[in-house]
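Same order as they appear, the protein sequences are chains A and B.
Just so we're aligned, residue 0 is where the first sequence starts under the working numbering, counting upward by one.
Just so we're aligned, residue 15 is where the second sequence starts under the working numbering, counting upward by one.
Since the hints were made in silico from the structure, they are not lab data.
Be aware that a few hints might be false.
[Unchecked claim] Below 27 Å or equal to it, Euclidean Cα-Cα: the simulated DSS-like pairs (lysine-lysine) are:
| no. | chain 1 | residue 1 | chain 2 | residue 2 |
| --- | --- | --- | --- | --- |
| 1 | B | Lys113 | A | Lys21 |
| 2 | B | Lys113 | A | Lys56 |
| 3 | B | Lys92 | B | Lys82 |
| 4 | A | Lys64 | B | Lys113 |
| 5 | A | Lys72 | A | Lys56 |
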Amino acid sequence: AQRVTQPEKLLSVFKGAPVELKCNYSYSGSPELFWYVQYSRQRLQLLLRHISRESIKGFTADLNKGETSFHLKKPFAQEEDSAMYYCALIDGANNLFFGTGTRLTVIP
Amino acid sequence: DAGVIQSPRHEVTEMGQEVTLRCKPISGHNSLFWYRQTMMRGLELLIYFNNNVPIDDSGMPEDRFSAKMPNASFSTLKIQPSEPRDSAVYFCASSLTAKNIQYFGAGTRLSVL
Chain A
0 AQRVTQPEKL LSVFKGAPVE LKCNYSYSGS PELFWYVQYS RQRLQLLLRH ISRESIKGFT
60 ADLNKGETSF HLKKPFAQEE DSAMYYCALI DGANNLFFGT GTRLTVIP
Chain B
15 DAGVIQSPRH EVTEMGQEVT LRCKPISGHN SLFWYRQTMM RGLELLIYFN NNVPIDDSGM
75 PEDRFSAKMP NASFSTLKIQ PSEPRDSAVY FCASSLTAKN IQYFGAGTRL SVL
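Just chain A, with the same shape it has in the complex (with noise of 0.2 Å):
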């Protein structure tokens, strides 16, 4: 069973846009969610955890477990957040489960 779902393979907006990457977590635990983000060239890295509550780079998200959802957010998007951003969740056994994937993509 798909325990993480990206709805979007592709998103696009204009720069200075808000912009929302959806997450939606199928698992009845508690998880523990993750954004990890790759730009082009460059290895994959975390962006942020949920247990941390922080903003990485104008980024948040909040877990929402009545919807069981884990949305990517910022208010205004910038040229250099175009990557490949991907939804993760570590289960109780340990197992880490990512989404496909969406690539965001910031017209100038």
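Since the structure of chain A is provided, determine the placement of chain B on it from the hints.
Only chain B this time, still in chain A's reference frame:
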């Protein structure tokens, strides 16, 4: 620390040949992961090790794929024989434990002709 080191960065081979990808995790990390990234399927976990022991290899697509971790500082992913559909970017990642943040290598881009 140089981070997770993968080699080679690029590999081009002919169908039927054996391919070996290498990974050196961050020193002190106890968990090591192998992933495959394709446009169609995104990032898929192939196998992961805890303290050099394979824990979950359910993601390994076929018997043609095998992975080993002979010691805490080295792991290999082998494809024998390789097929064109194996063409992808293969990432290795390591973490302190399976539940911690994973740090990724730069990946190996494999092209099987």
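How the hints compare with the structure:
no., hint, result
1, Lys113(B) / Lys21(A), "holds, 23 Å"
2, Lys113(B) / Lys56(A), "holds, 24 Å"
3, Lys92(B) / Lys82(B), "holds, 8 Å"
4, Lys64(A) / Lys113(B), "holds, 20 Å"
5, Lys72(A) / Lys56(A), "holds, 11 Å"
Violation of the numbered hints given earlier is absent; every hint is satisfied by the structure.
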